[in-house]
Amino acid sequence: MAFLNVEQSLTGRSWQGPGLELERAAEMMAQQSEIPAPVCQVLARRGVPLHEAKGFLTPQLKDLLPDPRRLKDMEVAAQRFLLAVQQRQRIAVFADYDVDGGGSAALLLVWLRQMGQVATLYVPDRIDEGYGPNDAAMAALARDHDLIICVDCGTLSHAPIAAAKGADVVVLDHHLGGETLPDCVAVVNPNRQDEDGELGYFCAAGVVFLMLVEARRQLREGGHGTGPDLMALLDLVALATVADVAPLIGANRALVRQGLKVMAARQRPGLVALADVSRMDSAPSTYSLGFMLGPRVNAGGRIGKADLGARLLSTDDPHEAASIAERLDQLNSERREIENAVRAAAMEQAEARGFDAPLVWAAGEGWHPGVVGIVASRLKEAAGRPAVVIGLDGDEGKGSGRSVSGIDLGAAIQRLASDGLLIKGGGHKMAAGLSVKRDQLEPAMARLSELLEKQGAGDLGPADLKLDGVLMPGAATVEMIEQIEQAGPFGAGAPAPRYAFPDLQIRFAKRVGETHLKLSLSDGMGGGIDAICFGAFDTPMGQCLLDHGGARFHFAGRLEINLWRGRQSPQLRLEDAAPA
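Counting from 1, one number per residue, gives the positions in the sequence shown under the UniProt record's numbering.
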(Lines of atoms letter the chains of each structure in order from A; the text may use other names.)
(Lines give C-alpha, C1' and ligand atoms only; values in the text may rest on other atoms or scores of the structure.)
Protein backbone atom coordinates (compact mmCIF):
# COMPACT_ATOMS: atom_id res chain seq x y z
CA MET A 1 0.00 0.00 0.00
CA ALA A 2 1.23 3.49 -0.82
CA PHE A 3 2.45 5.65 2.04
CA LEU A 4 -0.41 7.80 3.43
CA ASN A 5 -2.49 6.19 0.66
CA VAL A 6 -0.90 8.49 -1.92
CA GLU A 7 -1.10 6.46 -5.13
CA GLN A 8 -0.77 9.48 -7.41
CA SER A 9 0.52 12.79 -6.08
CA LEU A 10 0.29 16.19 -7.75
CA THR A 11 3.45 15.25 -9.68
CA GLY A 12 2.03 11.83 -10.62
CA ARG A 13 4.07 9.77 -8.17
CA SER A 14 3.26 7.04 -5.69
CA TRP A 15 4.63 7.62 -2.19
CA GLN A 16 6.59 4.78 -0.60
CA GLY A 17 7.50 4.60 3.09
CA PRO A 18 10.63 3.20 4.74
CA GLY A 19 9.14 -0.20 5.54
CA LEU A 20 8.78 -1.92 8.89
CA GLU A 21 12.23 -3.57 8.76
CA LEU A 22 14.04 -0.24 8.40
CA GLU A 23 11.96 1.35 11.13
CA ARG A 24 12.83 -1.49 13.50
CA ALA A 25 16.55 -1.26 12.63
CA ALA A 26 16.55 2.48 13.31
CA GLU A 27 14.69 2.01 16.59
CA MET A 28 17.10 -0.70 17.74
CA MET A 29 20.12 1.47 16.87
CA ALA A 30 18.68 4.39 18.85
CA GLN A 31 18.11 2.13 21.86
CA GLN A 32 21.60 0.64 21.79
CA SER A 33 23.54 3.85 21.15
CA GLU A 34 23.57 7.49 22.12
CA ILE A 35 22.86 8.52 18.53
CA PRO A 36 19.71 10.66 18.12
CA ALA A 37 16.74 8.81 16.61
CA PRO A 38 16.50 10.96 13.43
CA VAL A 39 20.17 10.19 12.68
CA CYS A 40 19.54 6.47 13.26
CA GLN A 41 16.82 6.61 10.61
CA VAL A 42 19.33 7.94 8.07
CA LEU A 43 21.94 5.34 9.04
CA ALA A 44 19.44 2.48 8.84
CA ARG A 45 18.34 3.58 5.37
CA ARG A 46 22.00 3.63 4.26
CA GLY A 47 22.50 0.11 5.64
CA VAL A 48 25.10 1.26 8.18
CA PRO A 49 25.40 -1.32 11.01
CA LEU A 50 25.67 -0.19 14.62
CA HIS A 51 29.38 -1.02 14.94
CA GLU A 52 30.18 1.22 11.92
CA ALA A 53 27.89 4.11 12.89
CA LYS A 54 30.49 6.18 14.72
CA GLY A 55 32.98 5.92 11.87
CA PHE A 56 30.27 6.83 9.36
CA LEU A 57 29.31 9.96 11.31
CA THR A 58 32.94 11.10 11.59
CA PRO A 59 34.57 9.96 8.33
CA GLN A 60 38.36 10.26 8.37
CA LEU A 61 40.12 10.93 5.10
CA LYS A 62 43.13 8.83 6.13
CA ASP A 63 40.84 5.83 6.53
CA LEU A 64 38.78 6.31 3.36
CA LEU A 65 41.20 7.74 0.79
CA PRO A 66 42.36 4.91 -1.50
CA ASP A 67 46.00 4.30 -2.36
CA PRO A 68 46.50 6.40 -5.52
CA ARG A 69 48.53 3.56 -7.04
CA ARG A 70 45.35 1.53 -7.32
CA LEU A 71 44.78 3.52 -10.51
CA LYS A 72 46.72 2.51 -13.57
CA ASP A 73 49.40 4.96 -14.79
CA MET A 74 49.22 6.93 -11.51
CA GLU A 75 52.82 6.31 -10.45
CA VAL A 76 54.26 7.29 -13.83
CA ALA A 77 51.97 10.35 -14.08
CA ALA A 78 53.23 11.67 -10.74
CA GLN A 79 56.84 10.89 -11.70
CA ARG A 80 56.55 12.87 -14.95
CA PHE A 81 54.81 15.73 -13.14
CA LEU A 82 57.56 15.94 -10.50
CA LEU A 83 60.30 15.72 -13.13
CA ALA A 84 58.82 18.81 -14.79
CA VAL A 85 58.73 20.59 -11.43
CA GLN A 86 62.27 19.64 -10.42
CA GLN A 87 63.78 20.52 -13.81
CA ARG A 88 61.71 23.75 -14.05
CA GLN A 89 60.18 22.61 -17.31
CA ARG A 90 57.37 24.54 -18.96
CA ILE A 91 53.98 23.10 -17.93
CA ALA A 92 50.56 23.73 -19.50
CA VAL A 93 47.23 22.72 -17.96
CA PHE A 94 44.48 22.02 -20.51
CA ALA A 95 41.14 22.02 -18.67
CA ASP A 96 37.46 21.52 -19.37
CA TYR A 97 35.31 24.64 -18.97
CA ASP A 98 33.01 23.41 -16.19
CA VAL A 99 33.43 23.49 -12.40
CA ASP A 100 35.20 20.13 -12.31
CA GLY A 101 37.63 21.25 -15.00
CA GLY A 102 38.17 24.61 -13.32
CA GLY A 103 38.64 23.05 -9.90
CA SER A 104 41.04 20.44 -11.30
CA ALA A 105 43.11 23.11 -13.04
CA ALA A 106 43.14 25.29 -9.91
CA LEU A 107 44.46 22.37 -7.82
CA LEU A 108 47.48 22.08 -10.11
CA LEU A 109 48.03 25.82 -10.57
CA VAL A 110 47.90 26.54 -6.83
CA TRP A 111 50.14 23.56 -5.95
CA LEU A 112 52.68 24.59 -8.57
CA ARG A 113 52.62 28.23 -7.49
CA GLN A 114 53.39 27.17 -3.92
CA MET A 115 56.36 25.26 -5.35
CA GLY A 116 57.52 28.47 -7.03
CA GLN A 117 56.42 27.55 -10.53
CA VAL A 118 53.89 29.18 -12.86
CA ALA A 119 51.97 27.02 -15.33
CA THR A 120 50.03 28.05 -18.43
CA LEU A 121 46.24 27.63 -18.25
CA TYR A 122 44.31 26.75 -21.41
CA VAL A 123 40.54 26.34 -21.44
CA PRO A 124 38.88 25.83 -24.85
CA ASP A 125 35.99 28.02 -25.94
CA ARG A 126 32.74 26.04 -25.78
CA ILE A 127 31.40 27.39 -29.07
CA ASP A 128 34.53 27.82 -31.17
CA GLU A 129 36.46 24.76 -30.01
CA GLY A 130 34.00 22.52 -28.18
CA TYR A 131 34.75 20.07 -25.39
CA GLY A 132 38.21 18.68 -24.82
CA PRO A 133 41.58 18.95 -26.58
CA ASN A 134 41.68 19.90 -30.26
CA ASP A 135 44.50 19.53 -32.76
CA ALA A 136 45.31 23.23 -33.18
CA ALA A 137 45.39 24.07 -29.47
CA MET A 138 47.47 21.03 -28.52
CA ALA A 139 49.96 21.63 -31.33
CA ALA A 140 50.34 25.28 -30.30
CA LEU A 141 50.84 24.38 -26.62
CA ALA A 142 53.40 21.72 -27.55
CA ARG A 143 55.56 24.31 -29.32
CA ASP A 144 56.07 26.25 -26.06
CA HIS A 145 55.77 23.61 -23.34
CA ASP A 146 57.49 20.41 -22.25
CA LEU A 147 54.49 18.88 -20.44
CA ILE A 148 50.75 19.25 -21.08
CA ILE A 149 48.38 17.98 -18.40
CA CYS A 150 44.80 17.45 -19.58
CA VAL A 151 42.32 17.58 -16.71
CA ASP A 152 38.65 16.50 -16.89
CA CYS A 153 39.18 15.68 -20.57
CA GLY A 154 41.51 13.85 -22.93
CA THR A 155 40.64 10.16 -22.52
CA LEU A 156 39.13 9.98 -26.01
CA SER A 157 41.40 12.63 -27.61
CA HIS A 158 43.65 10.40 -29.71
CA ALA A 159 44.27 12.80 -32.62
CA PRO A 160 44.71 16.04 -30.59
CA ILE A 161 47.19 14.34 -28.25
CA ALA A 162 49.07 12.98 -31.27
CA ALA A 163 49.21 16.57 -32.56
CA ALA A 164 51.12 17.69 -29.44
CA LYS A 165 54.46 16.86 -31.03
CA GLY A 166 57.50 17.64 -28.92
CA ALA A 167 55.65 17.69 -25.59
CA ASP A 168 54.73 14.94 -23.17
CA VAL A 169 51.04 14.60 -22.29
CA VAL A 170 49.45 13.33 -19.08
CA VAL A 171 45.67 12.84 -18.84
CA LEU A 172 43.85 13.09 -15.47
CA ASP A 173 40.20 12.39 -16.23
CA HIS A 174 37.08 10.48 -15.15
CA HIS A 175 35.00 10.29 -18.34
CA LEU A 176 34.15 6.93 -19.86
CA GLY A 177 37.13 5.48 -21.73
CA GLY A 178 37.13 3.80 -25.13
CA GLU A 179 38.61 0.48 -26.21
CA THR A 180 41.97 2.14 -26.88
CA LEU A 181 43.78 4.95 -25.08
CA PRO A 182 45.62 7.88 -26.64
CA ASP A 183 49.38 7.51 -27.05
CA CYS A 184 50.81 9.57 -24.18
CA VAL A 185 52.83 9.28 -20.98
CA ALA A 186 49.85 8.39 -18.77
CA VAL A 187 46.06 8.24 -18.74
CA VAL A 188 44.86 8.19 -15.13
CA ASN A 189 41.14 7.55 -15.16
CA PRO A 190 39.06 5.32 -12.84
CA ASN A 191 36.63 4.83 -15.73
CA ARG A 192 39.14 3.38 -18.16
CA GLN A 193 37.84 0.11 -19.56
CA ASP A 194 40.72 -1.80 -17.97
CA GLU A 195 39.96 -0.44 -14.47
CA ASP A 196 37.72 -2.35 -12.05
CA GLY A 197 35.40 0.67 -11.65
CA GLU A 198 35.54 0.69 -7.84
CA LEU A 199 36.84 4.28 -7.86
CA GLY A 200 34.61 5.34 -10.74
CA TYR A 201 32.68 7.67 -8.43
CA PHE A 202 35.57 10.18 -8.31
CA CYS A 203 35.26 13.37 -10.34
CA ALA A 204 38.32 14.71 -12.17
CA ALA A 205 39.30 16.96 -9.25
CA GLY A 206 39.32 13.85 -7.03
CA VAL A 207 41.66 12.14 -9.51
CA VAL A 208 43.94 15.20 -9.58
CA PHE A 209 43.98 15.25 -5.77
CA LEU A 210 45.00 11.58 -5.72
CA MET A 211 47.82 12.39 -8.14
CA LEU A 212 49.03 15.13 -5.77
CA VAL A 213 48.87 12.63 -2.90
CA GLU A 214 51.07 10.29 -4.95
CA ALA A 215 53.41 13.19 -5.80
CA ARG A 216 53.67 13.97 -2.09
CA ARG A 217 54.65 10.35 -1.38
CA GLN A 218 57.30 10.38 -4.11
CA LEU A 219 58.72 13.68 -2.83
CA ARG A 220 58.94 12.28 0.68
CA GLU A 221 60.51 9.00 -0.46
CA GLY A 222 63.07 10.95 -2.50
CA GLY A 223 64.03 13.09 0.48
CA HIS A 224 62.58 16.28 -1.02
CA GLY A 225 60.08 17.14 1.74
CA THR A 226 56.34 16.79 1.29
CA GLY A 227 55.38 19.79 -0.82
CA PRO A 228 52.34 22.05 -0.25
CA ASP A 229 49.61 21.31 2.34
CA LEU A 230 47.10 19.14 0.49
CA MET A 231 44.38 19.44 3.15
CA ALA A 232 44.17 23.16 2.41
CA LEU A 233 43.19 22.30 -1.19
CA LEU A 234 40.11 20.30 -0.24
CA ASP A 235 37.74 23.26 -0.68
CA LEU A 236 38.43 23.01 -4.43
CA VAL A 237 37.88 19.24 -4.41
CA ALA A 238 34.60 19.63 -2.49
CA LEU A 239 33.25 22.28 -4.88
CA ALA A 240 34.10 20.20 -7.97
CA THR A 241 32.72 16.98 -6.46
CA VAL A 242 29.35 18.49 -5.55
CA ALA A 243 28.97 20.64 -8.68
CA ASP A 244 29.80 17.66 -10.94
CA VAL A 245 27.10 15.65 -9.11
CA ALA A 246 29.58 12.94 -8.16
CA PRO A 247 28.05 10.53 -5.64
CA LEU A 248 28.85 11.36 -2.03
CA ILE A 249 29.96 7.85 -1.13
CA GLY A 250 33.27 6.37 -0.01
CA ALA A 251 36.14 8.83 0.02
CA ASN A 252 33.97 11.53 -1.56
CA ARG A 253 32.04 11.86 1.73
CA ALA A 254 35.23 12.60 3.62
CA LEU A 255 36.64 14.88 0.90
CA VAL A 256 33.49 17.01 0.81
CA ARG A 257 32.99 17.04 4.57
CA GLN A 258 36.58 18.23 5.17
CA GLY A 259 36.43 20.56 2.17
CA LEU A 260 33.41 22.36 3.61
CA LYS A 261 35.39 23.01 6.80
CA VAL A 262 38.30 24.40 4.79
CA MET A 263 35.92 26.62 2.81
CA ALA A 264 34.30 27.93 5.99
CA ALA A 265 37.71 29.33 7.02
CA ARG A 266 37.50 31.72 4.00
CA GLN A 267 41.17 31.49 3.03
CA ARG A 268 40.81 31.21 -0.76
CA PRO A 269 40.25 34.65 -2.33
CA GLY A 270 38.24 33.33 -5.27
CA LEU A 271 35.78 31.38 -3.14
CA VAL A 272 35.46 34.23 -0.64
CA ALA A 273 34.60 36.65 -3.45
CA LEU A 274 32.19 34.18 -5.01
CA ALA A 275 30.44 33.52 -1.70
CA ASP A 276 30.07 37.26 -1.11
CA VAL A 277 28.68 38.01 -4.57
CA SER A 278 26.30 35.03 -4.16
CA ARG A 279 25.07 36.59 -0.88
CA MET A 280 25.84 33.44 1.08
CA ASP A 281 24.95 34.33 4.66
CA SER A 282 25.56 30.96 6.32
CA ALA A 283 28.27 28.31 6.52
CA PRO A 284 28.96 26.56 3.20
CA SER A 285 26.90 23.45 2.55
CA THR A 286 26.44 21.02 -0.30
CA TYR A 287 23.42 23.08 -1.33
CA SER A 288 25.42 26.31 -1.57
CA LEU A 289 28.15 24.53 -3.54
CA GLY A 290 25.71 22.94 -5.96
CA PHE A 291 23.21 25.75 -6.43
CA MET A 292 24.97 29.02 -5.57
CA LEU A 293 28.70 28.76 -6.22
CA GLY A 294 28.76 26.04 -8.89
CA PRO A 295 26.40 27.72 -11.38
CA ARG A 296 28.38 30.96 -11.18
CA VAL A 297 31.70 29.22 -11.83
CA ASN A 298 30.03 27.40 -14.73
CA ALA A 299 28.64 30.62 -16.21
CA GLY A 300 32.02 31.60 -17.68
CA GLY A 301 32.27 28.38 -19.64
CA ARG A 302 28.62 28.48 -20.68
CA ILE A 303 28.21 31.97 -22.10
CA GLY A 304 31.32 33.98 -21.20
CA LYS A 305 35.08 33.63 -21.29
CA ALA A 306 35.86 29.97 -20.79
CA ASP A 307 38.80 30.35 -18.39
CA LEU A 308 37.09 32.67 -15.87
CA GLY A 309 36.16 29.85 -13.49
CA ALA A 310 39.64 28.34 -13.31
CA ARG A 311 41.22 31.79 -12.96
CA LEU A 312 38.89 32.69 -10.11
CA LEU A 313 39.56 29.46 -8.22
CA SER A 314 43.34 29.69 -8.63
CA THR A 315 44.04 33.39 -8.03
CA ASP A 316 45.69 34.57 -4.81
CA ASP A 317 44.81 38.23 -5.52
CA PRO A 318 41.64 39.41 -3.68
CA HIS A 319 41.14 42.30 -6.11
CA GLU A 320 41.30 40.04 -9.16
CA ALA A 321 39.02 37.57 -7.39
CA ALA A 322 36.40 40.25 -6.67
CA SER A 323 36.46 41.44 -10.29
CA ILE A 324 36.09 37.93 -11.76
CA ALA A 325 33.38 36.96 -9.25
CA GLU A 326 31.36 40.04 -10.16
CA ARG A 327 31.66 39.20 -13.85
CA LEU A 328 30.61 35.59 -13.26
CA ASP A 329 27.59 36.74 -11.26
CA GLN A 330 26.51 38.95 -14.19
CA LEU A 331 27.05 36.09 -16.64
CA ASN A 332 24.98 33.80 -14.45
CA SER A 333 22.05 36.23 -14.60
CA GLU A 334 22.37 36.37 -18.38
CA ARG A 335 22.58 32.58 -18.48
CA ARG A 336 19.28 32.28 -16.60
CA GLU A 337 17.52 34.53 -19.13
CA ILE A 338 18.87 32.52 -22.08
CA GLU A 339 18.01 29.25 -20.33
CA ASN A 340 14.40 30.29 -19.66
CA ALA A 341 13.81 31.07 -23.34
CA VAL A 342 15.37 27.81 -24.56
CA ARG A 343 13.60 25.78 -21.86
CA ALA A 344 10.16 27.05 -22.88
CA ALA A 345 10.76 26.19 -26.54
CA ALA A 346 12.33 22.79 -25.76
CA MET A 347 9.57 21.82 -23.35
CA GLU A 348 6.89 22.61 -25.93
CA GLN A 349 8.70 20.62 -28.61
CA ALA A 350 9.37 17.63 -26.33
CA GLU A 351 5.77 17.53 -25.09
CA ALA A 352 4.56 17.50 -28.71
CA ARG A 353 6.80 14.46 -29.37
CA GLY A 354 5.58 12.80 -26.21
CA PHE A 355 7.06 12.25 -22.77
CA ASP A 356 6.48 8.48 -22.91
CA ALA A 357 9.29 7.61 -25.34
CA PRO A 358 12.56 6.04 -24.11
CA LEU A 359 14.30 9.33 -25.02
CA VAL A 360 12.90 12.83 -24.62
CA TRP A 361 14.64 15.26 -26.96
CA ALA A 362 14.42 18.67 -28.58
CA ALA A 363 16.52 20.65 -31.05
CA GLY A 364 16.30 24.28 -32.06
CA GLU A 365 17.93 26.86 -34.26
CA GLY A 366 20.50 28.99 -32.46
CA TRP A 367 19.92 27.50 -29.01
CA HIS A 368 22.98 28.48 -27.00
CA PRO A 369 25.32 25.49 -26.46
CA GLY A 370 26.01 26.79 -22.96
CA VAL A 371 22.50 26.12 -21.67
CA VAL A 372 21.44 22.96 -23.49
CA GLY A 373 22.74 20.78 -20.65
CA ILE A 374 20.72 22.63 -18.03
CA VAL A 375 17.61 22.46 -20.21
CA ALA A 376 18.18 18.73 -20.74
CA SER A 377 18.13 18.37 -16.95
CA ARG A 378 14.78 20.16 -16.81
CA LEU A 379 13.32 17.86 -19.48
CA LYS A 380 14.66 14.82 -17.66
CA GLU A 381 13.03 15.97 -14.42
CA ALA A 382 9.71 16.66 -16.14
CA ALA A 383 9.56 13.34 -18.01
CA GLY A 384 11.44 10.98 -15.73
CA ARG A 385 13.32 9.78 -18.84
CA PRO A 386 16.76 10.43 -20.37
CA ALA A 387 16.75 13.74 -22.25
CA VAL A 388 18.89 15.35 -24.96
CA VAL A 389 18.75 19.00 -26.06
CA ILE A 390 20.60 20.21 -29.18
CA GLY A 391 21.36 23.68 -30.48
CA LEU A 392 21.57 23.85 -34.29
CA ASP A 393 23.94 26.17 -36.13
CA GLY A 394 24.56 25.79 -39.85
CA ASP A 395 25.08 22.16 -40.82
CA GLU A 396 25.79 20.97 -37.28
CA GLY A 397 24.21 20.70 -33.87
CA LYS A 398 25.86 20.61 -30.47
CA GLY A 399 23.93 19.00 -27.66
CA SER A 400 23.98 17.69 -24.17
CA GLY A 401 22.13 14.87 -22.45
CA ARG A 402 21.12 13.96 -18.91
CA SER A 403 20.06 10.53 -17.73
CA VAL A 404 18.13 8.92 -14.90
CA SER A 405 19.30 6.28 -12.46
CA GLY A 406 19.88 2.88 -14.08
CA ILE A 407 20.27 4.16 -17.65
CA ASP A 408 23.83 4.61 -18.98
CA LEU A 409 23.52 7.53 -21.40
CA GLY A 410 27.28 7.99 -21.88
CA ALA A 411 27.78 4.44 -23.17
CA ALA A 412 24.83 4.78 -25.56
CA ILE A 413 26.11 8.05 -26.99
CA GLN A 414 29.62 6.63 -27.31
CA ARG A 415 28.12 3.71 -29.26
CA LEU A 416 26.34 6.19 -31.51
CA ALA A 417 29.62 7.99 -32.21
CA SER A 418 31.44 4.74 -33.01
CA ASP A 419 28.62 3.82 -35.42
CA GLY A 420 29.20 7.09 -37.30
CA LEU A 421 25.84 8.70 -36.50
CA LEU A 422 27.54 11.46 -34.48
CA ILE A 423 30.51 13.66 -35.29
CA LYS A 424 31.67 12.95 -31.75
CA GLY A 425 30.16 12.12 -28.39
CA GLY A 426 30.98 10.84 -24.95
CA GLY A 427 30.52 11.34 -21.23
CA HIS A 428 29.49 9.19 -18.33
CA LYS A 429 26.37 7.38 -17.12
CA MET A 430 24.37 10.42 -16.06
CA ALA A 431 25.59 13.11 -18.47
CA ALA A 432 27.03 13.26 -21.97
CA GLY A 433 27.76 15.63 -24.82
CA LEU A 434 27.50 15.23 -28.58
CA SER A 435 27.95 16.89 -31.95
CA VAL A 436 25.79 15.80 -34.89
CA LYS A 437 25.33 16.69 -38.56
CA ARG A 438 21.96 18.35 -39.17
CA ASP A 439 20.93 15.75 -41.74
CA GLN A 440 21.79 12.95 -39.27
CA LEU A 441 19.79 14.43 -36.38
CA GLU A 442 16.58 12.41 -36.77
CA PRO A 443 18.25 9.03 -37.43
CA ALA A 444 20.74 9.63 -34.60
CA MET A 445 17.99 10.37 -32.08
CA ALA A 446 15.94 7.42 -33.31
CA ARG A 447 18.92 5.10 -32.86
CA LEU A 448 19.72 6.58 -29.44
CA SER A 449 16.13 5.97 -28.41
CA GLU A 450 16.47 2.31 -29.49
CA LEU A 451 19.68 1.88 -27.47
CA LEU A 452 18.10 3.42 -24.38
CA GLU A 453 14.98 1.30 -24.77
CA LYS A 454 17.17 -1.82 -24.61
CA GLN A 455 18.35 -0.55 -21.21
CA GLY A 456 14.74 -0.25 -20.04
CA ALA A 457 14.17 3.47 -20.51
CA GLY A 458 10.89 2.81 -22.30
CA ASP A 459 9.40 1.17 -19.21
CA LEU A 460 10.09 4.07 -16.89
CA GLY A 461 7.19 5.93 -15.34
CA PRO A 462 7.19 8.69 -12.76
CA ALA A 463 9.61 7.45 -10.09
CA ASP A 464 8.11 6.54 -6.76
CA LEU A 465 8.81 9.11 -4.08
CA LYS A 466 10.69 7.39 -1.28
CA LEU A 467 9.98 8.78 2.19
CA ASP A 468 11.82 8.24 5.46
CA GLY A 469 8.92 8.84 7.80
CA VAL A 470 6.14 11.15 8.97
CA LEU A 471 6.63 14.37 10.94
CA MET A 472 4.30 16.98 12.36
CA PRO A 473 5.40 20.62 12.09
CA GLY A 474 6.10 20.88 15.82
CA ALA A 475 8.68 18.07 15.64
CA ALA A 476 10.70 19.75 12.88
CA THR A 477 13.04 21.86 15.01
CA VAL A 478 16.39 23.47 14.24
CA GLU A 479 17.95 21.10 16.76
CA MET A 480 16.54 18.06 14.96
CA ILE A 481 17.80 19.29 11.58
CA GLU A 482 21.26 19.85 13.03
CA GLN A 483 21.22 16.29 14.36
CA ILE A 484 20.29 14.92 10.93
CA GLU A 485 23.11 16.87 9.31
CA GLN A 486 25.58 14.84 11.38
CA ALA A 487 24.92 12.02 8.88
CA GLY A 488 25.86 14.26 5.94
CA PRO A 489 27.08 15.58 3.67
CA PHE A 490 24.01 14.93 1.55
CA GLY A 491 23.88 15.02 -2.22
CA ALA A 492 24.08 12.72 -5.24
CA GLY A 493 24.16 9.08 -4.14
CA ALA A 494 23.51 10.11 -0.53
CA PRO A 495 20.18 11.94 -0.43
CA ALA A 496 19.04 13.82 2.64
CA PRO A 497 16.07 12.19 4.41
CA ARG A 498 12.68 13.07 3.02
CA TYR A 499 9.66 13.38 5.30
CA ALA A 500 5.91 13.55 4.82
CA PHE A 501 3.89 16.17 6.71
CA PRO A 502 0.30 14.90 6.66
CA ASP A 503 -3.02 16.73 6.53
CA LEU A 504 -1.89 20.37 6.62
CA GLN A 505 -3.69 23.49 5.51
CA ILE A 506 -2.14 26.30 3.52
CA ARG A 507 -2.16 29.58 5.43
CA PHE A 508 -0.78 31.45 2.43
CA ALA A 509 1.01 30.74 -0.84
CA LYS A 510 2.79 33.31 -2.94
CA ARG A 511 5.20 33.60 -5.81
CA VAL A 512 8.78 34.55 -4.97
CA GLY A 513 11.38 35.36 -7.60
CA GLU A 514 10.41 34.40 -11.13
CA THR A 515 9.32 30.80 -10.71
CA HIS A 516 9.42 29.82 -7.03
CA LEU A 517 6.58 29.23 -4.58
CA LYS A 518 6.63 30.13 -0.88
CA LEU A 519 4.06 28.61 1.46
CA SER A 520 3.12 28.77 5.11
CA LEU A 521 1.62 25.50 6.37
CA SER A 522 -0.39 24.78 9.50
CA ASP A 523 -1.70 21.66 11.26
CA GLY A 524 -4.65 23.66 12.63
CA MET A 525 -3.54 23.07 16.24
CA GLY A 526 -0.95 25.79 16.61
CA GLY A 527 1.89 24.02 14.80
CA GLY A 528 3.25 25.28 11.51
CA ILE A 529 6.21 25.32 9.13
CA ASP A 530 7.26 27.43 6.16
CA ALA A 531 7.99 25.74 2.84
CA ILE A 532 9.76 26.72 -0.37
CA CYS A 533 9.25 24.95 -3.71
CA PHE A 534 11.78 26.00 -6.34
CA GLY A 535 10.66 26.33 -9.95
CA ALA A 536 7.10 25.30 -9.06
CA PHE A 537 5.10 28.45 -9.77
CA ASP A 538 4.23 27.63 -13.37
CA THR A 539 3.81 23.86 -12.82
CA PRO A 540 0.49 22.02 -12.34
CA MET A 541 1.44 21.34 -8.71
CA GLY A 542 2.22 25.00 -8.10
CA GLN A 543 -1.07 26.17 -9.59
CA CYS A 544 -3.03 23.61 -7.58
CA LEU A 545 -1.45 24.79 -4.33
CA LEU A 546 -2.03 28.45 -5.21
CA ASP A 547 -5.70 27.75 -5.96
CA HIS A 548 -6.13 25.48 -2.93
CA GLY A 549 -9.56 26.85 -1.93
CA GLY A 550 -9.02 25.83 1.69
CA ALA A 551 -8.32 22.17 0.89
CA ARG A 552 -5.85 20.21 3.02
CA PHE A 553 -2.81 18.41 1.62
CA HIS A 554 -0.06 15.98 2.51
CA PHE A 555 3.35 17.56 1.83
CA ALA A 556 6.70 15.87 1.24
CA GLY A 557 10.24 17.21 1.14
CA ARG A 558 13.54 17.68 2.89
CA LEU A 559 14.19 19.81 5.94
CA GLU A 560 16.69 22.66 6.07
CA ILE A 561 17.57 25.58 8.31
CA ASN A 562 16.51 28.96 6.96
CA LEU A 563 18.55 31.95 8.12
CA TRP A 564 16.77 35.30 7.91
CA ARG A 565 18.11 38.45 9.60
CA GLY A 566 20.16 36.40 12.01
CA ARG A 567 17.25 34.16 13.03
CA GLN A 568 17.25 30.42 12.32
CA SER A 569 14.04 28.54 11.62
CA PRO A 570 13.11 25.14 10.14
CA GLN A 571 11.99 25.15 6.52
CA LEU A 572 10.60 22.43 4.26
CA ARG A 573 12.13 22.24 0.80
CA LEU A 574 8.94 21.04 -0.83
CA GLU A 575 9.16 18.33 -3.50
CA ASP A 576 5.65 16.94 -3.76
CA ALA A 577 2.12 17.22 -2.42
CA ALA A 578 -1.13 15.27 -2.55
CA PRO A 579 -4.72 16.04 -1.52
CA ALA A 580 -5.32 14.80 2.02
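Be careful, since some hints might not be right.
Restricting the straight-line Cα-Cα distance to at most 30 Å, the calculated cross-link-like pairs of lysine-lysine (DSSO-like) are [as the list claims (entries may be wrong)]:
#1 Lys429 <-> Lys72
#2 Lys305 <-> Lys429
#3 Lys437 <-> Lys424
#4 Lys454 <-> Lys424
Don't read these hints as lab results, they were simulated from the structure.
Status of the hints after comparison with the structure:
1. Lys429 <-> Lys72: 21 Å, holds
2. Lys305 <-> Lys429: 28 Å, holds
3. Lys437 <-> Lys424: 10 Å, holds
4. Lys454 <-> Lys424: The given pair, whose Cα atoms are some 22 Å apart, holds under the 30 Å limit.
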